[in-house]
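Top to bottom, those sequences are chains A and B. Start counting the first sequence at 0; every next residue gets the next number (numbering that gives the first Met the number 0). Start counting the second sequence at 0; every next residue gets the next number (numbering that gives the first Met the number 0).
It should be emphasised that the hints constitute simulated quantities derived from the structure, not laboratory data. All clues stand as given, with none of them false.
Below are the DSS-like pairs computed for lysine-lysine, each with C-alpha atoms no more than 30 Å apart in a straight line:
| no. | chain 1 | residue 1 | chain 2 | residue 2 |
| --- | --- | --- | --- | --- |
| 1 | B | K177 | B | K153 |
| 2 | B | K153 | B | K17 |
| 3 | B | K130 | B | K167 |
| 4 | B | K177 | B | K113 |
| 5 | B | K153 | A | K183 |
| 6 | A | K194 | A | K183 |
| 7 | A | K194 | A | K105 |
| 8 | B | K334 | B | K260 |
| 9 | B | K17 | B | K224 |
| 10 | A | K183 | B | K177 |
| 11 | A | K102 | B | K69 |
| 12 | B | K69 | A | K183 |
| 13 | B | K130 | A | K183 |
| 14 | A | K102 | A | K194 |
| 15 | B | K167 | A | K183 |
| 16 | B | K69 | A | K194 |
| 17 | A | K105 | B | K17 |
| 18 | B | K130 | B | K113 |
| 19 | B | K153 | A | K194 |
| 20 | A | K194 | B | K17 |
| 21 | B | K113 | A | K183 |
| 22 | B | K130 | A | K194 |
| 23 | A | K183 | B | K17 |
| 24 | A | K194 | B | K113 |
| 25 | B | K107 | A | K194 |
| 26 | B | K17 | A | K102 |
Taking beta-carbon pairs under 8 Å as the criterion, some of the chain B residues facing chain A (in silico):
| no. | residue |
| --- | --- |
| 27 | A50 |
| 28 | A71 |
| 29 | F81 |
| 30 | Y98 |
| 31 | G99 |
Chain A is faced by these chain B residues, among others (derived, beta-carbon under 10 Å):
| no. | residue |
| --- | --- |
| 32 | P13 |
| 33 | R47 |
| 34 | A73 |
| 35 | I77 |
| 36 | N83 |
| 37 | M90 |
Treat the numbers as computed from the prediction; the structure is a model and nothing was measured. By construction, the Cβ of each residue, glycine as well, lies at the ideal position given by its N, Cα and C atoms.
So the chains spell out like this:
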Amino acid sequence: MKRVQFEHSAVPYLFVAPQILIISIFFLWPAAQALYQSFLLEDAFGMSSQFVWFRNFEDVLSSSSWSRSAIFTVVFSVLVSVLSIAISLFLAVRADEVIRGAKSYKTLLMWGYAIAPPVAGLLGNMLFNPLMGDLYFAFNSFGFEFNHIENANDAAFVVILIAVWKQVSVNFIFFLSGLQGIPKSVQEAATLDCKSPERRFWTITFPLLAPTTFFLLVINLTYAFFETFGIIDVSTKGAPGGSTATLVYKVYVDGFLGADMGGSAAQSVLLMIMVSILTVFQFRFIERKVHY
Amino acid sequence: MATVTINQAEKTYPNGYKAIHGINLAIENGEFTVLVGPSGCGKSTLLRMIAGLEGISSGEISIDDRVVNKVAPADRDIAMVFQNYALYPHMNNYNNMAYGLRNRGYSKSEIDNKVRDAARILQLEELLERKPGQLSGGQRQRVAMGRAIVRQPKVFLFDEPLSNLDAKLRVDMRLEIKNLQQRLGITSVYVTHDQVEAMTLADRLIVMNGGVAEQIGSPIEIYEKPATQFVAGFIGSPAMNFLTGTVSDDRTHVTVGDGVKLDLDHDVEAGRTVTVGIRPEHLTLVDAQEGRINAEVRMVESLGAETLAYLDFGANADSVTLRVQGTHQFAKNEKLSLSVAADKIHLFDAQSGKRI
Chain A
0 MKRVQFEHSA VPYLFVAPQI LIISIFFLWP AAQALYQSFL LEDAFGMSSQ FVWFRNFEDV
60 LSSSSWSRSA IFTVVFSVLV SVLSIAISLF LAVRADEVIR GAKSYKTLLM WGYAIAPPVA
120 GLLGNMLFNP LMGDLYFAFN SFGFEFNHIE NANDAAFVVI LIAVWKQVSV NFIFFLSGLQ
180 GIPKSVQEAA TLDCKSPERR FWTITFPLLA PTTFFLLVIN LTYAFFETFG IIDVSTKGAP
240 GGSTATLVYK VYVDGFLGAD MGGSAAQSVL LMIMVSILTV FQFRFIERKV HY
Chain B
0 MATVTINQAE KTYPNGYKAI HGINLAIENG EFTVLVGPSG CGKSTLLRMI AGLEGISSGE
60 ISIDDRVVNK VAPADRDIAM VFQNYALYPH MNNYNNMAYG LRNRGYSKSE IDNKVRDAAR
120 ILQLEELLER KPGQLSGGQR QRVAMGRAIV RQPKVFLFDE PLSNLDAKLR VDMRLEIKNL
180 QQRLGITSVY VTHDQVEAMT LADRLIVMNG GVAEQIGSPI EIYEKPATQF VAGFIGSPAM
240 NFLTGTVSDD RTHVTVGDGV KLDLDHDVEA GRTVTVGIRP EHLTLVDAQE GRINAEVRMV
300 ESLGAETLAY LDFGANADSV TLRVQGTHQF AKNEKLSLSV AADKIHLFDA QSGKRI
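Bound conformation, chain A alone (with noise of 0.2 Å):
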């Protein structure tokens, strides 16, 4: 094969350097620094460091807050993931069938995705603040005895709840425009094949929606993972105790708050790693059965 040779110029570099910049400042710099902190063990003052190897993995993995915290993290983001996915599933596809109207239940649908993180997690603070929230008052008067104060159980269902209930419309958005992409014929063609909506719905409309659903639940869990810091941030501060602290919560409470930088930067290389194996994962298992 004859390789085309440019001339050399310093030009193409100029047009990436913004990018690499950014990439360097923002995320191989922190990421480097976090790796070699890892390594390190502070005074409590944070006078000295010590080079101690892997001291501070082994303590983070054998903790019994971080496997709660790792726990709690798995759960959670399979719920919020799941969970919102299914619910705007459901609302787009029902909205798609509306003709009166359509726009305007189409734009109520996408308003939350103008809201930023904590100030849903602020919504939900004050909906379910034990002394006038709603949602308090309305759960313990239909007699649950709803403290999410105290209990764990109930704490994580309102994370849980403000963040499915931000990440609704987005999904929406995106399921929304799924459907409209698939051609009106092959739904036409589909009624004169199968009577039953739900039948078609499962036979055709959701495996056309599929690489729809895909990238929906790849953005979704890395949601959960990272985003959903200002709703915990805001909401429940991880109580009760720690119950309800992801693992990037737990990052930056035990980094910034408790000021253990080389236990903290343990866990953000470890939270690096599990990120790494879950995205391959879902391109290598999930992607090809999507594909048609």
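On the provided structure of chain A, position chain B as indicated by the hints.
Showing chain B alone in chain A's frame:
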């Protein structure tokens, strides 16, 4: 095998637009009916009403004497072939054809027999494991046909099935569809805007315009005796020439342009203003003479088997198209004289456009 009866069917959309203005039609058992018309004439809407994809605002549509107005599309026992094939992209071709049968509770072996039979008829046996995305346009159209014939429905509906194919393939598929329909003897309704398809496929042709059936008849009937000026202009290519004329006092001829006299054997009152229709193939070249169409060549199209000449004549530069067999060397601005036999002249009312 079935009959389709359409009784005063109308379609009004929620926004008040009336797409179909009361159509009556009885399609016989095994008949190949073609709906033809310009875009927006309501032909596809009518087909979709038969399929059940569009509601019927008033009137009735029956298949085999059963009124189907409220029957779900899947229960009407019809199959439809769509313009863009509408195959299920995530299923292979076998499953595309089997899908409708599975939902109707056929056993696995029955489905397999039917699908393989259809695949053999349509020469798709090699392609059953592939997905629609891996096929060419013609092959996809074949799979779509296969999906329709495996169910052995009462009625086939075709919605411009050939318009996405290239010209050569279109001719092949046209013959194939005609063949298949005759072999299976299934009542068919076919929508097209292509008048060649319409003429060649139809047992009976329905020319639609503005939501009304302008004329219903065999293709030759419609070609020879168009009921309205619209039908006359729509069927036949190149289109019929139209000239405004006045019937002479002795009713033996009609005067068009500036003093061109055309012989007439119609029963029409003297002095009436009419539209004279002459097909390009019915104009004949004659010697120049007073009172004949003495025209000048503007443009020539040589198609090999025939030659088309676009001419104009008279002070008003009325234009006519001439069609002659074989190749003719017409020069630009060449003077030609044309005549037409009295029995080849169509007369239409100048106002209503109705045939006289």
